[in-house]
Each structure stands twice: as structure tokens, then as C-alpha cells.
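Protein sequence lines correspond, in order, to chains V and G.
So for the first sequence, the numbering used here puts the first residue at 120; every next one is plus one.
So for the second sequence, the numbering used here puts the first residue at 237; every next one is plus one.
What the hints contain is simulated information worked out from the structure, not anything from laboratory work.
For each residue, glycine too, the CB sits at the ideal point set by N, CA and C.
It is possible that some hints are incorrect.
Said to hold, decoys possible - Below, a list of computed lysine-lysine pairs in the DSBU-like style, where the Cα atoms sit at most 35 Å apart:
id, chain 1, residue 1, chain 2, residue 2
1, V, Lys-212, V, Lys-225
2, G, Lys-431, V, Lys-212
3, V, Lys-172, G, Lys-431
Said to hold, decoys possible - Beta-carbon label-pair distances, calculated as ranges:
id, chain 1, residue 1, chain 2, residue 2, range
4, V, Thr-169, G, Gly-652, 39 to 49 Å
5, G, Ala-452, V, Gly-218, 29 to 39 Å
6, V, Val-124, G, Asn-290, 43 to 53 Å
7, V, Gly-218, G, Ala-646, 29 to 39 Å
8, V, Thr-194, G, Thr-266, 48 to 58 Å
9, V, Thr-181, G, Leu-255, 32 to 42 Å
10, V, Val-124, G, Gly-421, 55 to 65 Å
11, G, Ser-434, V, Thr-181, 49 to 59 Å
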Amino acid sequence: MEALVSILIGTLTGCGVYLILRNRTFPVVLGLTFLSYAVNLFLLVMGRLTIGKPPIIAENITEYADPLPQALVLTAIVISFAMTAFVIVLSLKAYLEMGNDHVDGKHKS
Amino acid sequence: MISHIAILPVICPLLLGALLLLLQKQSLQTVRAVSVVSVSILVVLTGYLLDIVNEGEILVYELGNWPPPFGIVLVADRLAAWMLLITSLVSLFALLYAIQGTDSDGPHFHALFQLQLFGLNGAFLTGDLFNLFVFFEILLLASYGLLLHGGGRLRTMAGLHFVIINLVGSTLFLFAVGTLYGLLGTLNMADLAVKAASAADEDVALIRTAGLLLFAVFALKAALLPLYLWLPAAYAYTTAPVAALFAIMTKVGAYSILRIYTLIFGSQAGSVADLIAPWLLPLALATLIAGVLGVLASTHLRQQIAYLVVASIGTLLIAFGINTHTSIAAGLFYLPHSTFAAAAFFLLADIVATRRSEMSDRFEPGPVIAYHRITGTLFFIVAILIAGLPPLSGFVGKLLILQAAIPHAALPWIMGAMLITSLLTIIALARSGSMLFYRAQLPQTPHTTTNNETGSQQKLTSGFSSLAIVVCLLALCVALTIGAGTVSEFTLATANQLLQPEGYVQSVLGTAR
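Put together the whole structure using the sequences plus the hints.
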């Protein structure tokens with residue numbers, strides 16, 4: 120399970136880094152999204168992987184899942200969602216103003 | 237009331253930002269008045285806060301009365317209050333300049349401005365690492381809006397780069413925060429300081445990695461050498477009041493470096509002590525040199541000022557990098573000076589660019605501008621301030637930093653870099669000043685009559701009042717020079733407080749332990 124999640128985070132990060140180095144805005148936006156997925160997953164597993172354990176104090180239970188990373192991830196998801204929406208609108212605006220979707224706004228020769 | 241003063245600088249801009257959104261339908265005059273009054277109140281408030289914490293007390297505000305390290309805390313110590321006061325002063329003058337007409341170029345300027353202050357003040361006050369991330373996002377999101385205010389091709393392009401690089405920075409920040417939480421089980425900065433110092437041996441390497449990742453993020457915000465390339469375009473192409481406000485933005489990165497690496501990774505932190513000591517000083521020196529080379533190569537005034545901001549962050553981080561009481565104190569003296577001077581310069585550049593109409597601020601001989609004598613004099617004073625010539629505060633700041641560097645092993649490097657870059661700055665500014673003012677010619681052919689008419693209208697609207705704001709910012713620098721004794725005593729006390737983080741830790745966790 121740990122290995123699977125690690126590979127998943129690594130793959131997502133790798134794809135994200137590759138995509139943000141592309142020269143068109145759409146892959147860059149996708150890359151940012153991949154990176155934020157990777158980091159959200161990373162934050163979540165920082166509370167350690169647990170199955171079937173409650174995050175809230177209850178009777179007759181001695182082992183808990185850590186609730187804090189879940190709260191952190193919720194915040195991070197909301198923020199990255201808002202940022203993605205913003206960067207999509209901004210890249211559309213850039214596309215409309217430049218007439219192309221190159222990240223430096225270059226015209227095709 | 238007094239116990240709640242630590243949260244007021246955070247909560248007031250938030251509520252006002254929301255209120256200003258509602259007032260948008262009202263006349264622009266109302267919105268402007270509310271905005272200016274609220275920022276003026278913020279200046280008084282932060283001044284009062286500084287007065288309280290100047291006794292050496294550290295105010296800890298527990299949100300929702302949850303005791304730390306479980307709840308989120310706001311911590312107001314000398315450094316936080318000092319940064320708050322500088323922010324509110326800069327933002328007041330940026331706002332006063334904006335209401336001369338810049339704010340009507342696009343919607344929601346004032347609401348975004350308040351939210352920007354919300355993020356800045358929160359970042360300075362928070363005592364929780366994840367909360368620092370959240371406030372960074374708030375101030376960045378507001379800054380994206382402000383940066384793009386007014387629109388235009390170049391501005392959109394610079395904005396896109398700024399947004400993308402900061403989003404990558406935010407992701408790195410979260411990776412670092414996640415690693416620290418996974419290893420140490422806390423995000424409260426005081427608690428992190430305690431736990432990091434007594435970390436298990438097998439975790440040390442990962443904690444150091446996380447600490448260095450955080451440094452990369454803060455270096456990005458502060459515009460340190462390999463990560464400064466976003467700054468010149470972003471600052472040069474945005475509107476003048478926003479650029480003036482952004483003079484404080486790079487200082488948020490510098491503040492975070494100072495806070496995290498004295499508190500959590502300071503010299504008392506056992507196996508993770510002095511984490512960035514081998515990195516900070518060389519990078520700062522390289523930033524200073526690269527910034528000044530940019531200043532020399534700039535083709536228009538606002539770009540030149542943006543590179544001056546890079547150079548000033550280099551100087552500031554040299555002071556922090558030397559990492560002694562006196563050098564941090566010198567840096568904290570230099571910080572307000574460089575902020576006020578850069579803000580004043582951005583505003584002045586806008587005045588010059590507006591008056592030169594279609595010539596803008598390119599370094600080409602242009603027409604003689606209105607009020608050229610007073611504008612030229614102001615340019616001269618700002619240039620002296622920024623280059624660090626006597627008798628103004630730039631000189632005092634650089635002198636203090638050089639004095640603090642004398643016992644340091646890298647003294648020749650520091651001395652050489654700072655003195656040579658000062659000389660190069662003087663040369664560059666003298667060249668741009670003579671290009672803009674001395675070599676100005678009377679217009680020979682009136683082939684652009686329409687442009688001249690709009691130009692003269694703009695001159696009428698931005699008459700003496702906009703110059704007066706620049707004068708006010710310069711007066712702050714003069715006050716900093718005259719009150720240098722008092723201020724440097726205060727900054728020395730701040731440095732002492734920073735280098736003895738036990739006080740901070742005890743104030744935050746005192747009740748819990």
C-alpha cells in the first residue's frame with residue numbers, strides 16, 4: 120500500500136513537472152493541476168495510511184486515524200481549486216490578448 | 237479589548253474588503269473614503285501594537301481559545317509589529333496615490349487592496365506554519381488581481397508568469413509542510429522549534445530536506461538569485477501604486493526566512509541548527525550583483541527600479557545571512573528604508589512616465605516635463621537614498637550592515653560586493669537621471685497635438701498632490717535618518733529577541749507546559 124501510494128505521488132509529480140515545462144499554457148495548467156493532486160495526496164498520507172479507524176474520539180477505541188492532515192488537505196484542495204480556476208481564466212485572457220497560447224506570448228513565424 | 241489587539245490588523249482588512257465589495261455600487265468617492273480611512277486606522281493600530289510589544293512582551297492570541305499547539309495562534313512580537321507598521325505605512329501612501337485615478341481603471345481595486353493587506357498582516361502575525369501557507373495564498377491571490385489591474389498585453393503576460401511560478405512555489409511549500417508534519421507531528425512554529433531540536437537521528441535528513449524546501453519557497457517570494465526572474469517584468473508592467481505596495485511583498489519572503497531560520501532552524505536547534513547558513517550569504521551576494529547588473533542594463537525606468545528592488549533584497553539578506561545580533565538589527569533598519577524608497581521611486585517613475593506621455597519612461601531624450609525642477613529634485617533625492625549616499629537613511633543602513641560584517645570571515649566579499657554595487661548603482665541612476673531630465677528637449681514638431689492635449693490633461697489631474705505623496709514617503713526616510721538612534725536601538729532589541737527564541741517558545745507554549 121505504501122509503495123503504491125508513493126509510486127502514485129511520484130508519477131503525478133513527474134508528470135506535473137514535465138507538463139509545467141511545456142511552452143503552451145494549456146499543458147502548463149494541466150501540470151499545475153497534477154502537481155496539486157500529488158501534493159494533496161502527499162499531505163493526506165502524512166497522517167500515515169490507516170484503514171477503518173475513526174478520526175474522532177469514541178468509546179472502546181484505542182487507535183485513531185490522524186484527523187489533521189484531512190483538514191489540511193481540505194484547505195489545500197479548496198485553495199488549489201480556486202487557483203486552477205483563476206489560472207485557466209488568466210491563460211484564456213492571455214490567449215485572447217496575444218492571439219496564441221505560447222507562455223511567452225510569441226507569435227508564430 | 238487590549239487582549240484582542242493582535243487580531244485586529246488581520247480581521248479589519250478582511251471585513252473591510254467584504255464591505256467594499258458591497259459598496260461597489262455606491263459612488264467611487266465613498267469607496268475611496270472608506271478605504272483611506274480604514275488604512276489610516278490601521279497605521280494607528282499597528283503603531284499602537286508596536287508600542288505595546290516594544291516593552292519586550294510577546295502577545296499570543298489563541299483563536300477560539302484553543303490552547304497551542306492544538307489551536308492556531310497569532311503571535312505579535314517586535315519583528316511582527318515592526319513589519320506590520322511598515323506595511324501599513326507603505327500601503328497608506330500607495331492607496332493615496334491610487335485614488336488620484338489609478339483605482340478607476342478596473343473594478344474591485346479597493347477590495348483587492350484590503351484583501352492584500354489581510355494576507356500580508358496575517359503572514360506577519362501567524363504562529364502556525366500551515367496558516368502561513370494560507371496567508372501566503374491569500375496575499376498572492378489578491379496580488380494577482382492587483383497586478384492585472386488595468387489590463388494590457390504586457391501586464392497579462394507578466395501576470396501569467398507571476399501566477400504560475402507562485403503556484404509552483406505554493407506546491408513546494410505544501411510538500412515541505414507535509415514532510416514536517418509527518419515527521420514532527422505539529423505545525424505550530426514554537427512547537428516545531430522544540431520538536432526539531434530533539435528530533436530522532438533517522439529523521440534529521442528529512443527534516444533538513446523539508447527545511448531547505450521551505451527556504452526555496454521563501455527565496456522565491458523574496459526574489460533571491462536563481463528565483464528572481466519573475467520580478468522585473470511583474471513589477472515593471474503593473475500600475476504604480478500596486479508596484480509601490482509590492483515593495484513590501486519581497487520583504488514577506490525575507491521576513492519568513494528570518495522568522496523560520498531563527499526560530500525553528502536557529503543555532504540552538506541541535507542537529508538541524510543553522511540549516512541555511514552555508515547558502516544564504518553567497519546567494520544574497522550573488523543576488524545583489526545580478527540585481528545591479530540588471531539596473532545597469534535596463535532600458536526603461538520602471539524596469540530599472542524593479543532591478544533595484546532585487547538588489548535591495550540582496551543587501552537585506554546579506555545582513556540576515558551574516559546572522560549576528562548587530563547584522564540582523566542593521567537589516568531590520570535597512571528593510572523599512574528600502575521599502576519606502578522603492579515605493580517612492582515607483583510612484584515618481586509613474587509621474588515622470590505620465591508627463592512624458594508617449595515617450596513613457598524609456599531612456600530616450602524626451603520632452604521637458606511639467607514641474608521638471610521639483611520632479612528632478614525628487615529624483616535626485618530618491619537616487620541618493622537608493623544608492624546609499626550620505627546623508628540619508630540608505631547610507632545609515634548600508635553603514636550599519638558593513639559595520640556588522642567586520643568580524644565576519646567573508647568580509648572582503650561583502651565589502652567588495654556592497655561598495656562596488658553602490659558605485660554601479662550611482663552610475664546607472666546618474667545616467668538615467670540625466671537622460672530623463674538634462675537631455676530633455678522642447679518639442680520641435682507639434683505632430684502629435686492630440687497626444688499633447690491628453691498629456692496636459694493628465695498633467696493637470698496629477699499635479700502637485702501626487703508629488704506630495706512621493707515627498708511624504710521620502711519624509712519617512714528622512715525621519716528614519718533623524719531617528720536612526722532610536723530605530724537602531726529598537727532593531728537591536730528585535731534582533732536580540734529573535735536570536736533568543738526560548739522567549740517566543742515559552743510565550744506560546746508556556747501555558748501548555
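Comparing the hints with the structure gives:
A C-alpha spacing of about 15 Å is found between Lys-212/V and Lys-225/V, which places the hinted pair at or below 35 Å, so the restraint holds. Of the supplied pair hints, the one linking Lys-431/G and Lys-212/V is violated, its CA atoms being roughly 47 Å apart against a limit of 35 Å. The suggested pairing of Lys-172/V with Lys-431/G holds, with an alpha-carbon distance near 26 Å, which does not exceed 35 Å. In this structure the hint that Thr-169/V and Gly-652/G lie 39 to 49 Å apart at CB is violated, the actual value being about 57 Å.
Between Ala-452/G and Gly-218/V the beta carbons are some 35 Å apart, a value that agrees with the proposed interval 29 to 39 Å. Between Val-124/V and Asn-290/G the CB atoms are about 50 Å apart, so this pair conforms to the stated range of 43 to 53 Å. Under the hint 29 to 39 Å, the C-beta atoms of Gly-218/V and Ala-646/G, about 50 Å apart, miss the expected range. A C-beta distance of roughly 34 Å is found between Thr-194/V and Thr-266/G, which places it outside the suggested range of 48 to 58 Å.
Between Thr-181/V and Leu-255/G the beta carbon distance is about 49 Å. The supplied range of 32 to 42 Å is therefore violated. At about 19 Å, the CB distance of Val-124/V to Gly-421/G disagrees with the hint of 55 to 65 Å. Distance hint check: the CB atoms of Ser-434/G and Thr-181/V are about 26 Å apart, inconsistent with the given range 49 to 59 Å.
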